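Please put together the full structure from these sequences, using the hints given.
For the record, the sequence lines run as chains A and B.
24 is the number of the first residue of the first sequence in this note's numbering; add one for each residue after it.
22 is the number of the first residue of the second sequence in this note's numbering; add one for each residue after it.
With a cut-off of at most 30 angstroms between alpha-carbon atoms, the simulated BS3-like pairs for lysine-lysine come out as follows:
(1) A/K73 x A/K62
(2) A/K73 x B/K87
(3) A/K65 x B/K87
(4) B/K87 x A/K68
(5) B/K98 x A/K65
(6) B/K87 x B/K98
(7) B/K98 x B/K34
(8) A/K68 x A/K126
(9) A/K130 x A/K65
(10) B/K98 x A/K68
(11) A/K62 x A/K130
(12) A/K65 x B/K34
(13) A/K126 x A/K65
(14) A/K62 x A/K126
(15) A/K73 x A/K126
(16) A/K68 x A/K130
(17) B/K87 x B/K34
(18) B/K87 x A/K62
(19) A/K62 x B/K34
These are computed hints drawn from the structure, not numbers from a lab.
Quick caveat: nothing in here was measured; it's all calculated off a predicted structure.
The lines below spell out each chain.
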Amino acid sequence: DIQMTQSPSTLSASVGDRVTITCRASQSINTWLAWYQVKPGKPPKVLIYKTSTLETGVPSRFSGSGSGTEFTLTINSLQPDDFATYYCQQYSAPPWTFGQGTKAEVK
Amino acid sequence: QLQLQESGPGLVKPSETLSLTCTVSSGSISSGTYLWGWVRQPPGTGLEWIGSTYYSGSTYYNPSLKSRVTISIDPSKNQFFLSLNSVTAADTAVYYCARLTVSRYFEYWGQGILVTVSS
Numbered sequence: 024d025i026q027m028t029q030s031p032s033t034l035s036a037s038v039g040d041r042v043t044i045t046c047r048a049s050q051s052i053n054t055w056l057a058w059y060q061v062k063p064g065k066p067p068k069v070l071i072y073k074t075s076t077l078e079t080g081v082p083s084r085f086s087g088s089g090s091g092t093e094f095t096l097t098i099n100s101l102q103p104d105d106f107a108t109y110y111c112q113q114y115s116a117p118p119w120t121f122g123q124g125t126k127a128e129v130k
Numbered sequence: 022q023l024q025l026q027e028s029g030p031g032l033v034k035p036s037e038t039l040s041l042t043c044t045v046s047s048g049s050i051s052s053g054t055y056l057w058g059w060v061r062q063p064p065g066t067g068l069e070w071i072g073s074t075y076y077s078g079s080t081y082y083n084p085s086l087k088s089r090v091t092i093s094i095d096p097s098k099n100q101f102f103l104s105l106n107s108v109t110a111a112d113t114a115v116y117y118c119a120r121l122t123v124s125r126y127f128e129y130w131g132q133g134i135l136v137t138v139s140s
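Below, the structure written as structure tokens:
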């Protein structure tokens, strides 16, 4: 299985901050990576797929980059609605696997 | 917009079988080359893919659960199903059904259903 490791596990930030979450794969996954946002009591929402393509309707303050084994999700100018938990997911090869999550909390 | 809705018992006894249904609306389960799947999230932990099925009935399972999981589909009812046998407390989780795109990320999700394994 391809292991996905996210860092940090928790980040404390303020509205307006630029935040970056890193996701590392245990082997190359090319650019087959998606990012999801999860809020309590809600299903995951896909933000980005194929490393850097924004899902329709996702604000442009979200961006993704990387290839191979190292990837980043960046949120420019963090908004109140962005405090949530973020997961990366590789879909290079089954079993499809997720990172352990990064919780963005209010500083 | 495609909608998915999970249904089934919220409480299952240890050693018994967990059975869930996902009903798809505003779209056909038989269209395209999508996969239909199940993902779970135990309390306080991350997401785990359980398995997926094509509308044809071909299935793919997470090796970690393969011995206990069966996923099936009924295109005539626009539904697919999850069966997980010999459950323990470790199977307590929110279970989501989802549609995977052709490239295999999870595009549409149900709201999720909490299933607790307890006597």
